[in-house]
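Enquirer: One letter stands for each residue in the lines below.
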Amino acid sequence: MKILDGKVPPGPIATKWEQYKSTIPLVSPNNKLRLDVIVVGTGLAGAAAAASLGELGYNVKCFTFHDSPRRAHSIAAQGGINAAKNYQNDGDSIHRLFYDTVKGGDYRAREGNVHRLAECSTSIIDQCVAQGVPFAREYGGLLENRSFGGVQVSRTFYARGQTGQQLLLGAYQALSRQIALGTVTMYNRHEMMDVVLIDGKARGIIARNLLNGELERHSAHCVIMATGGYGNVFYLSTNAMGCNVSAAWRAVRQGAYMANPCFTQIHPTCIPVSGDYQSKLTLMSESLRNDGRIWVPKSKEDAEAIRTGKKKAIDLTEDQRDYFLERRYPAFGNLVPRDVASRAAKVACDEGHGVNATGLAVYLDFEAAIQRYGKSEAGNQGNHNPDAATIRKLGEAKVEELYGNLFEMYEKITGDDPYKTPMMIYPAIHYTMGGLWVDYNLETNIPGLFALGECNFSDHGANRLGASALMQGLADGYFVIPYTVGTFLANEIRTPRFSTDSPEFVATEKAVDDRIKALMNVQGNESVENFHRRLGHIMWDYCGMARNEEGLKKALVMIRELRAEFHKNVFVPGSDRDFNPELEKAYRVADFMEMGELMVMDALTRNESCGGHFREEYTADNEAKRNDEEYAYVSAWEWTDLNAAPTLHKEPLKFEYVELKTRSYK
Amino acid sequence: MSNMKLTLHIWRQRNANDTGTFETHTVEANEHMSFLEMLDVLNQGLIEQKKIPVAFEHDCREGICGACSMVINGRPHGLLGGTTVCQLHMRFFKDGDHIWVEPFRAKAFKVIRDLVVDRSSFDRIIQAGGYVSVNTGGTPDGNAIPIEKDIASQSMDAAACIGCGACVAACPNGSAMLFTAAKASHLGLLPQGEVENSRRVQAMVHQHDKEGFGRCSNTYACEAECPKEISVTNIARLNRWYLKSSLGSNV
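If you're matching them up, the sequences are chains A and B in order. The numbering of the first sequence is my numbering, which starts it at 1 and goes up by one. The numbering of the second sequence is my numbering, which starts it at 667 and goes up by one.
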């Protein structure tokens, strides 16, 4: 075991980043032209990094497996992006955003990184406005904010329910401008298959051209990965179908450390599973919890009656309902952080109060909001004694203005009208806080290999607060990596461009080719999809919302068996040197199997409950119980040889500015 | 849950040079599935028979990434207005239905495989000028320039475009004017984007034509099929801006 150094610069936290920035060595403009940078991924972090580095004059090559950079899954983020602008004069500040994020992450994030994130947040809003991101605005023309889970100020900026889309389009457009200017060469439909190391430094990648299956070698002075999270290990998640861990996992197999893999986020408000054929889960934005009240029937008999269709939600009177979040957490109510809300919903359902046919759903009810908004709107119109119909009409109109597209999406999927009957929701895998271990410079333990956005582990600890993923992706891409990449590249100005004929490129390409051929040659009898679904079941059952030692040990055996079976019995149709989406799925699922195993091992070694990692053995008063004495560290796993056990390295976490407390939202 | 047996006539084409043909399959579905999940069932069956599954583009399955793209019974994204294929659920079909599934067809969208087409022309239209020319850093405070709520809202309406290409598939001329106009409007309506509006509309329209998209003849088919219900008003706005910028005077 090694003790890792996060390389957080010295100095008071509030000025650390500013001071450090001014000491990072610079690369002169003429030298930048001679330095090649590979950026893998075009979500918020990748597109922002590629565009910004291109603007600075680096010679950037950017890769995405999508047909266009604009399709990266950042596009699907709904609710918003946090920034400590304090435009609302409600007591927000950089320090408060920093504090909320460290606390929200259950004290498992690195203070220095989080403070920098909070500092960068304000510039992000300015940048995006300048790019033409159409944020929501007040009548006076200024930017509008809303509140989000886990905090008590309104600091979330949004563009209807499509904030991720608008921010990504801003970054995509900035990237497109650099492509047109020739500073960035874009490789669409190219998937990173491996990273190439020369003398221990990341000097390129092997990419697969998805149109014809050809393997390509691309060299650079450094490689920046912004390849997202690994939520699809669970098969069913709110991630897009293509989201995968392969790029990050291949880096791990080359020696990069995977940090905190067991920290996965379950989002409380998703549309419940409806059947075995289901391919993915749909998120209903957290912003809905601003106005929606979560409840289940107080009595199990009523819940049973609802499940069998004998009763409806609206048949239950107020005193027959249990608004369990408001009851258990009066201070935050329905706005408790995601991990807390998810577990509470699970408990309600496990105790027999679930409301859909499968018993795995709770209500999210807007009736109170419709009534409240209706009365207030009527008052605005001078009608101080409105009738019920008027209240409902005006209230529904206001709710539509706030959440219209989400309500519409819900109705499209379920066929139910949430203006008339409460939504049914259930937690689902949404985000992964774990990721490649990086230091303060966002550099992994492999020199020259950087990881940004959801791909790294650094800022969210054991639980991410709502509207913070977009903030982190853009902070990393626009405002951190353009500076910190200099720590590596300033020493490379005399390094000539790398030939792709070197033995390292040849050997890595061959290893990739062998791996692909091995999958093609299995010619078994079971589809990739089936294996993925089976893996997902194991992960969800034993390494999902609640975990225990016995289950995790069982999962470990099951995953290993499944992995062995996969390599003996998977069937991949078609040919490898061809457009072949099934083959893409196959090599991604192969990597998910290995990643899943590591997640379980991480969960087993972390004998505490914190954030998204809830170990049933470690609780107090039905709440998660952290163990700061023994577990205030980042676990960083090294696993290059699958035949040997992975090695656990640790980065101890020091908290100098935030006092470690039991996280309470009561 | 009601189950249904469907007959699919689905387009199979190996590549852009292949002529392609409809292939007929039967598939069992239920009303809760999305259209794409029904295709997953079809593909699962094909894989079990060791056949090549039908290639189709898809990713987020939430109606926002713009990847999914197919014509169902003659309509891009199917019969439901304001909906992408991934959000179209099988309860809108009934037992015994015959469903015809084709790729988005247009001169500028070459078929890659089956229902997958090449839409990189859209990227090149954006690269021609669909951005605001600001670098990272050094931008003014987000609240420095107030923007009228209604203008911001109109800009957002246009910015909602997901770049799927349904407008092109719907258009008898294979025109991408709705796509181009949506981006021009999104940016041009805002004070930040207005600065380089003339240059932008000229460059984007020029690239649009160069990619082989047809001219707009106001059939409004694009608006009818757009999953994000982008209005043709944007095309009128683009035309006005284009004409103005073509006259060569800013006075």
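Fair warning: there could be bad hints in the mix.
List of simulated lysine-lysine pairs, DSS-like, C-alpha gap at most 30 angstroms [unchecked claim]:
1. B:K760 x B:K815
2. B:K876 x A:K412
3. B:K717 x A:K568
Quick look at which bits of chain B chain A covers, simulated, 3 or more residues with Cβ under 8 angstroms [said to hold, decoys possible]:
4. 791 to 799
5. 870 to 877
6. 899 to 905
No lab work stands behind these hints: they were computed from the structure. Ideal placement from N, C-alpha and C gives every residue a C-beta, glycine not left out.
Enquirer: Now, for every hint given, state plainly whether the structure supports it.
Expert: Hints, one by one, checked against the model:
{"no.": "1", "hint": "B:K760 x B:K815", "result": "violated, 44 angstroms"}
{"no.": "2", "hint": "B:K876 x A:K412", "result": "violated, 38 angstroms"}
{"no.": "3", "hint": "B:K717 x A:K568", "result": "holds, 19 angstroms"}
{"no.": "4", "hint": "791 to 799", "result": "holds (count 7)"}
{"no.": "5", "hint": "870 to 877", "result": "violated (count 0)"}
{"no.": "6", "hint": "899 to 905", "result": "violated (count 0)"}
In summary, the numbered hints that this structure violates are 1, 2, 5, 6.
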